Amino acid sequence: MGIAQFINPYVLYALLVLGAAGVGLAMPRRGTTPQIVGALVGALAFGLILLFMGLKAASTEGGVSNLPNIYFYIFSLIALGGALRVITHPKPVYGALYFILTVIASAGLFLILSAEFMAFALVIVYAGAILITYLFVIMLATQAPEEGQDEVLADYDVSAREPIAASVVGFLLIAVLTTMMFRGTSQLPAPAPVNQNELLASMPRKVERALLTTGKIAEGDKFESLDAAANVIIIKKADGTLLTIPQTDWPEEMAVTNPEALGFNLLREHPGTIEIAGVILLMAMLGAVVLSRKQVQLDEDAKAARVTQLAHLDPGNEPGVQSPLELGSPTSNPTGGAAS
Amino acid sequence: MNVTTLTTLAQANFPEAMSQITLAHYLVISTAMFTIGLVGFLTRRNLIIMFLCTELMFQAAGIAMIAFGRYHLDLSGQSFVVFVLTVAAAEAAMALALVVLLFRRKESLSAEEWKDLQG
Amino acid sequence: MILFALMLIPLVFAMLVVISPAAQAKTIATVGSFVSLAGAIYAAMQFDPASAATFQLAKTVDWIPQLGISLSVGVDSIALLLVLLTALLGPICVIASYTAITQRLRTYYAWLLVLQAAMTGVFCARDLLVFYTCFEFTLVPMFILISLYGSTNRKRASIKFFLYTFTGSVIALAGLVYIAYQHTQLTPGSPWTFDISTLAETARSLPLATQSWLLLALMAGFAVKIPLFPVHTWLPLAHTEAPTAGSVVLAGVLLKLGTYAVYRFVLPFVPQAVVEYAPLLAILCIIGIIYGGLICWVQTDVKKLVAYSSVAHLGFCMLGMFALNNTGISGSILYMINHGLSTGALFLLIGMVYERYHTRSMKELGGLGAKMPVWSTFMVFFVMASVGLPGLNGFVSEFMCMMGAFQASDAWGSGIWGSLGHRPIGATAGNLGPWFGIIAGTGVIIAAMYLLYMTGNVVWGKLKLPDHGHDHAHGTDDHASKLPTDLSTREISILVPLAALCILLGVYPKPILSLIEQPVQETVLVVNESGRVNMPVKPIESDTKPHAPIADAPAEPAARVVSAENAQ
Amino acid sequence: MMQALNIFSSIAAHAVASEPAAGVAQAATRTITQGETWMLAIPFLPLLAFVLIALCAAFKVRSKLPAFITVGLLALSFGAALTTFIQHFMGPAAAPILHVHAFDWLHFKAGPEAAQGFVANFAFYIDSLTILWMLFVTGLATLIALYASEYMSHDVGPGYCRFFAAFSLFVFSMSCLVMADNLVLLFLGWEGVGLCSYLLIGYFYKKAPAVAAAKKAFIMNRIGDLGLLMGIFSIYTAFGTVEYAKIFEFFRSGVDATGNQIGSSTWITIIIPLLFTIGAFGKSAQVFLYTWLPDAMEGPTPVSALIHAATMVTAGVFLIARMMPLYQADPNLLILSIVAWSGAITALWSATIEMAIFDIKRVMGYSTISQLGFMFAGLGVLTPEGSAFHVFTHAFFKATLFLGVGAVMHGFGGQLDLRRLSGVGWMKGFGLVAAAVFIGSINLAGFPFTAGFFSKDMILAEAFARPEGQIAGSQAVAWILLITAGMTAYYTFRSFFRVYVGPKQFVPGDDAELVDLGRHPKGVSLDAWHKEHGHGHGHGHEHEHNDHAHRHGSYGGVGDARAHGRQDFDPSTEEFDPHPPGFAMKFAIAACAILTIAAAGLYFVSPAIGEGGGWAAGMVRQSSAVVSAEVLSGHTSGTDEGHAHGTFLGMDPHHVMYYVSAGVGFIGVLIAAFLHGPKGWQGLFLGVRQSCDVAPRADKLANAFGPLTTAARNKYYVDEIYDALITRPLWVLSHIFHLFDQYVVDGLVNLIGALPRFFGKALRPIQSGEMHGYAVGMAGGVAVLLILVVLLVG
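As given, the protein sequences belong to chains A, B, C and D, one line each in that order.
Quick note: the first sequence uses my numbering, first residue 15, plus one each step.
Quick note: the second sequence uses my numbering, first residue 2, plus one each step.
Quick note: the third sequence uses my numbering, first residue 1284, plus one each step.
Quick note: the fourth sequence uses my numbering, first residue 18, plus one each step.
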């Protein structure tokens, strides 16, 4: 049992070394770099890991039926590739766009995992809201290229910081994490079957509507109760008599949808956490407002840099005459910004 | 996602459990994504990219949680992703506000510019 | 209930001080301290002296019942006396600060009142954790008083004060919690409890080795606070840097927390170990007496001199305590009060001069007798009280402490201590003895040396005042010039009660001595019964010789003595 | 009060019940009666005076009111003492022991057992010894207060209040010391007189020497006090009580509270008396503890007269007399031998100093030490009667002498150098002073039929009469005392011949005490005087002690002195006239002198008990201070043949001693006249001195002794030796302790405190501020932790 149940550990570790080398190569560097090669090697490594896991799975009891379907492979490769691109692309804007790709691929994975609500929430919140904010900030915080000039990448974007060491640490972590997870996963208890009748009992309107639309009951009949033990729904008809509907007669429309189940889970199991999450969001909002309203000044180094920059751009202007401060913080000082 | 194979109607939208091997595949993906995020965080100097990397790690955690929830047929996994999403949003708001503030001061997004915050 | 009220009154007034305008802070604090004093006097009137050894005015409110922690208060006569001392010093400290503190008044007075509440809590506590909480909480106000209102080196002093005493008492806490743990272990099925008297019984039943470790742990905390010889160095620094009222509280009450804790937690908790190590502890006390005294003698800073003298004085106090007999322990308790009065007054006096001349150095000050006769009169008076002049308070307690050590010896009646062959009538069981009394007695001479050295320089001699050019640097000239040359009525009015008490306690200590007789007797019995297991108390009488009764003494020896004989 | 009475009556009953086998014949059981409450006035009236004067000070009274209060209330106190004496101690009946209880003082349990109670009350025990002391204490205090009312008049105001407050407090303390019914109250008085002595010596607090002297007196006294305190502890431990009545009963019965023979316990017979003796030595300035008393002469002269001559310094004698039963308990009388030897050596030692020094007040100071030596020797040779009588007579004649010196100081601007004064007795207004001083001098010198003669005689005779071996070396002690008596006569009349007779010449003093308070430190010796003026005024040549002969010409007469005063001294003394004492001073001096003369008569009052010695001896014999017959006859020493009387060169000392001591005294006086007397009858036709500062023969003699004279004039450098052997090392040790405290004790603490800081510093580079560094550390840490988990959990 353990790791060997899923993949040959030596193969895994060897492929992880390969992956580390690939990611390390793929990181941005000054000058010409084998970024593409590195990315390909990294992708190859991950692909091979999945391949070997599939091979192993096919050889164990249950065969290929244990394997996730084909969409899993598609989405996960897109997600990982996007992620790799996020961290290797020197331009932040592209990084953010690749991140959207990753998010969408992840949403696909969520769908496969029958988490529809979360899949769409992810796309809406992440791709729609958060990433857009990122893009705004990236635009705000990047120097626009001058007319006729190529975009100059900031120095800190061009070169990664100690990519080798980071890759080694990262892949060491993967090795250990996968080892741990395989070990743990192999010892997980079999999942217990779930009876969602209780959820249905909490939704009398839904049950009535479903039964009504399928014609099982008439207008005016009321849901009385759901006997979870006998798996029957008891309906109180308009004339007062009780009608028992066994499970086999339940219409498909009555099935509990993912958002419904998730809603019940959230509000029943985690009501306090929701409150806390709300407070966190509120505080974040307030914090963001307070922080961005704050007046700041350039510090000494930045001032000096700004002055030389201005002098360089407009030799006719004495740098000391026009206040660099006003130029430096247009948002914080609207009048100053307007003047410049 | 094979709805027609469901045995009971109540479980129509909640498929039967997946195997450990399937779960392992998702976990590998999650781990890989997490590590990529980590490596990015360690190597990139741009504050915004670093924050993007943390978002990647959140993403990875989310995948793992939903996969586990799926394995256990428990919706709490998805619930937690809701919270993770919330925290990520809050974090993004605060972090980006801070980044803007820092950028205004130094005209740079490099994390190394702020060494002197060490105290 | 009144005891809770005693703790709450200062807190409530502290709150009032905080929320009212700074100009009113003085007034509110004064009213608050006087209300506390009135409350303490009311409590004293409720106290029944006939059963002084039982804890009266007791009240228990559950706090954390799962852990057996409750807000439990109660006082015996000793705790009551110390509560009274605390309450008395309250108004004096507040009034003494009227002119000395000119900035951040609200913070100052609020913390002063909070400090008073915490100190009262220590003396009233009947639950270990209530005690410990209050014991530690006194550090916070004191830390703030020193670090905000002290003199030049105040930051260092306050940090040292805090860390030093805190480190010690954390070790003591470990010891105390260990006892509580042992209680649950030794009595199966019993819930956790932190009740002091219950734990005392448990601790007494522990073997000597365990008790010795516990003694070490407890003394690590309390000896720092007292302070005993090797762990005293925070005191001179803290005293010198603290504002006047801070020094008064520090000398008057805070040091007594340590001695009180020794009385309350060391003697009844680990009697066997105390008996075993009493000579060692007494030697530390004596080193403190002589060493501290000699260091005083070479000080030039008057306040530092008085601060070091506290080391010597508290050495006497603890010497009496470790004599483990009635004389010594009573003397020690009386010493706590007397030292609070006389040394507190000395700090007040030094503070008054400091307010006027902004120096405490004997190199710059001298011969103030010519310029400030009233101040000088008080100075000489309190110096004499501190020297231990009979008729003033210091003498009674010093006499009793030394005599306690002198009496407490099993060697009496043998060797050069007499060829009687048995314990003479005035001796008690113990392992100190005459040499301890005699060597400690040299401290009396040294006390005269350093205190008269100080008086001779500051009060007598040619008038010597600091240069006025120097004064301007302080920028407080205008403030200082508001004070009269000699003491103002306000200053006299805070010294007079102290002086009156010094005389009263020196001339008529009988009420207090009889008040503390019962609890002390109980403590001594506890120590003798469970502490002298390996060295039973020798009988006074010799078996062979006929007994010649003295007139006013009952003929038969106490029952305890008989049982000790049987044990042999 | 009732309870106290019960205690005493039960003690009495017990004492009767357990009459010891070895029965002390003479010490009959004394009954203790309750004294009248008004007797409390004796100690408490002076206290009332103190309180009233304190009020005067508080209300800033600027008149002589404090003096009147003091004199009045002290006189009342004396009246009360006298009434007590007349009512209870006059007449043929055996002297009673009166007990008066004021209030409870120290009551506490001294041990867990029921019998262990400590009782020391504010209660008074008045027996004949007590009343003997109280009579002269209160009487002399009244007279001297009267004297001081004029003497201190230059300082009316706060200083006046301070003086009389301390003065009254002193009398109260002294009364407590003497009248106490227990040792702790005695200790209160003991320390109380020390405090007052401290305050009064330091009265001229702006003068550095006065402050130093006050401090020295207090500290030296404290050394003795420690001995006394330990003695009290020991007494309590041994007997379970500190009350005289009970203690004396134990000694009378010979067994202690637990039925053991007292005499067999070395602790009780050797150590305890030794401790008490140390206490007595401290207070009475004996042997190694004497050095504070000469310095105490810095105080105002009335203080010297009362405290440092008549009363306080005799407290040691009182203590030993009071505890005489304790001292007698030792069969070998070891401690009494020590006392005798100490007294004799002190007497001789200080007499040699007196013969050399020039300061007339200090001569009196050393003389007091010397006479106290006599008293101690008297106690040592088993004549507490003689000692007490000598205390009594000495109180009067020494007070007279001091008051005379005070009048001279007062009159001549504080001049105390006997080389700067001559013929004072012939100056206007000083005749009475000279006469009184003459009376004092003949008493001190031991002229026949003076009080001093009789009292000294008793001691000398008893010293010679001690049987061989009873008191170790008592014959040697006696010879030393006899020689000292001769020296006493010499130095007494040396002062007299130099100062009061001869040509009228003087140099006014520049002393601060009376002319200008606190402006000049008073020169303690001629040396210092010369130095100060030599430097201060460019006086030119430095003087040695013995070359002052070169200067004598410049002080030809009063006028000359004035002229030189202008040149040499402070200009403010320009118009200096000696001002003679006024009425109050004259009255007090005269009264003291008359009382001194009258005291001689007491020798002839037949004592109530025992043979010879007069009234004072009788009083002592009726008190606990009496030496029992066994001890006196040497029975207890264990040797049968040891009890033969000692002899003086084969003669019975009791008979020949009158002639011997008178002869020795005469020789001393004649030598003084020969060396220091002026020409003519004033110098008994032996002297040749012609000016105030040159006595040719004396100077020649002093030169002949050379270094010895120098040493004696410098008090044998004892102060310097103490300084070098004790004070300096202690001072250095204190500094070492201080450094040790700062750098070792506190240093260790700081070191421990510095360790975390050190580690922090070492680890600080890790916190570079680079977020990546932290992240790498964190990730690596997690990885390492996980690896550990993987490997360990397996």
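Everything labelled a hint here was simulated from the structure, so no lab data went into it.
Fair warning: there could be bad hints in the mix.
To be verified - Pairs of lysine-lysine residues, derived as BS3-like cross-links and limited to a Cα-Cα distance of at most 25 Å, are as follows:
| no. | chain 1 | residue 1 | chain 2 | residue 2 |
| --- | --- | --- | --- | --- |
| 1 | A | K105 | B | K116 |
| 2 | D | K223 | C | K1654 |
| 3 | B | K116 | A | K317 |
| 4 | D | K81 | C | K1654 |
| 5 | B | K116 | D | K81 |
| 6 | A | K317 | B | K107 |
| 7 | A | K250 | A | K230 |
| 8 | C | K1747 | D | K223 |
| 9 | A | K308 | B | K107 |
| 10 | C | K1745 | D | K223 |
| 11 | A | K70 | B | K116 |
| 12 | A | K220 | A | K230 |
| 13 | C | K1646 | D | K223 |
Nothing here was measured: the structure is a model prediction, and the numbers come from that model.
Okay, the hints, checked on the actual structure:
The straight-line distance between the Cα atoms of A/K105 and B/K116 is roughly 23 Å, inside the 25 Å bound, and the hint therefore holds. As the CA atoms of D/K223 and C/K1654 are separated by approximately 12 Å, the hinted pair is consistent with the 25 Å bound. A threshold of 25 Å between alpha carbons decides the hint, and for B/K116 with A/K317 the separation of about 18 Å falls inside it, so the pair holds. Among the hinted pairs, D/K81 with C/K1654 is consistent with the structure: their alpha-carbon atoms are about 23 Å apart, no more than 25 Å.
Annotation: proposed proximity of B/K116 to D/K81 is violated, straight-line Cα distance about 83 Å (limit 25 Å). Between A/K317 and B/K107 the CA atoms are separated by roughly 8 Å; this keeps the pair inside 25 Å, and the hint holds. For the given pair, A/K250 sits about 13 Å from A/K230 by alpha-carbon distance, which is consistent with the 25 Å threshold. Proposed proximity of C/K1747 and D/K223 is supported: the alpha carbons are some 11 Å apart, at most 25 Å.
Under the criterion of a C-alpha separation no larger than 25 Å, the hint pairing A/K308 with B/K107 is consistent with the structure, at around 15 Å. Of the pairs offered as hints, the one joining C/K1745 and D/K223 holds, with about 5 Å between alpha carbons and a cut-off of 25 Å not exceeded. At roughly 48 Å between alpha-carbon atoms, A/K70 and B/K116 are farther apart than 25 Å, so this suggested pair is violated. As the CA atoms of A/K220 and A/K230 are separated by approximately 13 Å, the hinted pair is consistent with the 25 Å bound.
Between the alpha carbons of C/K1646 and D/K223 the distance comes to roughly 16 Å, so the proposed pair stays at or under 25 Å and holds.
Violation of the numbered hints given earlier is confined to hints 5, 11; the remaining hints are satisfied by the structure.
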